[in-house]
Amino acid sequence: MFPHTRNRMLAAPLALALVLACGGKKEPEQPAPQPTAPAPQPAPPSQPAPQPTAPAQPTEDPAAVAARVTAALLGEVATMIHFDFDMADIRPDDRALLDRKAAILGANSGLRLRISGHADDRGSDEYNLALGSRRAAAAKNYLVNKGIDAGRIETVSFGEERPIDPGQDETSWQANRRDEFEVTAGGQTLRNP
Amino acid sequence: MIRRTTRPGWLIAGAALALAAPLAAQDTTRTPDGVRIGIEYRPGTRPSVVVLPGAGLDSARAIVGRDLDFSDRFEVIQLGPRDTSGVAVNPGGRALDYALFRTLGAAYAVELAADGPGVMVRLHDITAGVMRREQRFTLPAQFDLNFRLAVHRASDEVVRWITGTPGYAASRLLFLVDRRLYRVDSDGAAVTAISAGTEEILSPTWSPDGRRFAYTRFAGGRGSLILQGVAAGDKTVVTGTSTSLNITPAFSGDGRLLAFARSGEEGTDIFTADVSQNCCVQRLTVGRFSDNLSPTFAPDGRRMAFVSTRAGAPQIYAMAADGTDQELLAPFDYGVTGSSNAPEWSPDGASVAFHRDVNRAPQVFVLDVASRRVRQLTSSGRNEDPSWAPDGRHLVFVSDRSGRRQLWVIDIVTGRIRQLTFEGQARLPAWSRRLSDPVPTQP
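Respectively, the protein sequence lines represent chains A and W. In short: position in the first sequence from 1, add 17, done, that's my numbering. In short: position in the second sequence from 1, add 3, done, that's my numbering.
Quick caveat, the hints were computed from the structure, so don't treat them as lab data. Mixed in with the good hints, there may be bad ones.
Listed next, with one range per pair, are the computed distances between beta-carbon atoms [stated by the list, open to error]:
1) W:Arg421 with A:Glu199: 41 to 49 Å
2) W:Ala196 with A:Ser189: 39 to 47 Å
3) A:Glu93 with W:Arg375: 17 to 25 Å
4) A:Glu199 with W:Ala196: 28 to 36 Å
5) W:Thr166 with A:Phe102: 32 to 40 Å
6) A:Thr96 with W:Ala65: 56 to 64 Å
7) W:Ala196 with A:Gly164: 25 to 33 Å
8) W:Ser382 with A:Gln185: 16 to 24 Å
9) A:Ala124 with W:Asn281: 26 to 34 Å
10) W:Thr201 with A:Lys163: 34 to 42 Å
11) A:Phe102 with W:Arg305: 31 to 39 Å
12) A:Ser189 with W:Thr201: 22 to 30 Å
13) A:Ser189 with W:Gly223: 21 to 29 Å
14) W:Gly384 with A:Glu199: 32 to 40 Å
All C-beta atoms, glycine included, are put in the ideal place defined by N, C-alpha and C.
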């Protein structure tokens, strides 16, 4: 009984957050308390009994599924992309990552992002701030061209000020030449595209 | 390279350490059999200056000796304490044993004598056997933070008495360790943290009068421009810079305008703001497909140099102060010459220093504005972000030649290099103009 109560307590604010996130929009689906649609019947092997009980009562299961889906989608949204030295062009092998982000943004109209551009520390310190801006803008433009509203994405640049790998070798420099994607709003519950 | 043929033995020990080999001196006096002919003095050879010992004022004397040495205009003979027996300074200092100093090869002698709350500085012309100048300088108490600055001012005057151009000792530099702002005197003394460790600062720059400075206060991928007073530490946000990323500020020669670059989704472009009234932001460049940044005013304020990526890699361009009449400033070979960044116009207007990648490592270059010729000054390790000393002949820059990034100073005439800072990882130095008035220091 105790775990059940706890889950319900958790689920309530989640549902509320979803309602709030979708509150301003008119067009899409009514704020359904049962969140993410596509995966409610994944036939969880461990939980045999929940189906027969009342359908009006959301069990812990859909909430757990929703949380798992959301976590997975947030992970995809946050996946970094990388750049060649002194370049701000989207690499061909990063397009699939951005396409996926665009799809997730498209399916979750409340989702908002901040993209931050970064550089390795070989270039000029101050030029790298401009380069970071260009890298962040490149990813944003790609998403906007896929139909995402520009107002949902802000961009910032950290230049070489936030290396994630302090090393001085090709691997480290490559890791540092990146865009990071941070959810600034609407990431409480996400639905699959 | 040293042209003295004889020198009293007692002097050698003291002088040998202080004598810097003149890197640019040419050995043009060789006879066919390889015997070098020693001569005392010739055009292009730096005169020797001896700083006389005396009672008291030890630290002032040491500072002056170092300043004269760092001016790179003299060969400085510093007499150690043990050498005092060989030097006769008359009480009152009005006459020296000029003949003795002539045998040392000294062209000038600088005498410091305690004089009330200050110091009397006298310049003796050894060759002519006369005292050329004397002037009293007021000195704060030695524990006062401005004591050193006051002594540096005396040094700069001595340089002016001899060469006609003042030295650069009475100046300070701002620089960063990571993103914390520090200050250091021109001789490497008095390293002081200016900003709190919690604040992130980039691109410091001095106002021409040395009474305030500007920088980017970096936060969350954005940066506002801050004007900060040296005396009171008061801070003002430059209007319109608090919601975007604003970088690379630089004052105009009259201190009225601040040029800077704003970076965002539309690219990076150069703007000016009127910082005398904190108003009137104007956009100077429109580079939809290129970045424009790092503006630096010519001292007359009519033109500025800046970095642009309009031809691909960043290179050095110039334009009128209103953004018109844009042109390439530092020539380069398309696709061959490395990126060029961080220009700074010299105080005399004749040159622009910048760094340019050579084999993927930045090196310090100087452009002669009139001829458009560039000259590479460094080659050892990474050397970047040059900033001019007030004399227009020395540059500070960041170099990793010691193993980590530190500030170094180069004399662009002789090529002599000295290390200025020794701690942490220093970067983005900015050298003030001469600080003429006592500047109360309140970090």
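Status of each hint after checking the structure:
1. W:Arg421 with A:Glu199: 41 to 49 Å: holds, 45 Å
2. W:Ala196 with A:Ser189: 39 to 47 Å: 29 Å Cβ-Cβ, so the 39 to 47 Å window is violated.
3. A:Glu93 with W:Arg375: 17 to 25 Å: violated, 52 Å
4. A:Glu199 with W:Ala196: 28 to 36 Å: Given range 28 to 36 Å: holds, Cβ gap about 31 Å.
5. W:Thr166 with A:Phe102: 32 to 40 Å: The hinted range 32 to 40 Å is violated for W:Thr166 and A:Phe102, with Cβ atoms some 46 Å apart.
6. A:Thr96 with W:Ala65: 56 to 64 Å: holds, 60 Å
7. W:Ala196 with A:Gly164: 25 to 33 Å: Violated, since W:Ala196 and A:Gly164 (Cβ atoms, about 50 Å apart) do not stay within the stated range.
8. W:Ser382 with A:Gln185: 16 to 24 Å: holds, 20 Å
9. A:Ala124 with W:Asn281: 26 to 34 Å: violated, 47 Å
10. W:Thr201 with A:Lys163: 34 to 42 Å: Holds: the Cβ-Cβ distance is about 39 Å, inside 34 to 42 Å.
11. A:Phe102 with W:Arg305: 31 to 39 Å: holds, 37 Å
12. A:Ser189 with W:Thr201: 22 to 30 Å: holds, 27 Å
13. A:Ser189 with W:Gly223: 21 to 29 Å: holds, 24 Å
14. W:Gly384 with A:Glu199: 32 to 40 Å: Given a distance of about 36 Å, which is inside 32 to 40 Å, the answer is holds.
Comparing the model with each numbered hint stated earlier shows that hints 2, 3, 5, 7, 9 do not hold.
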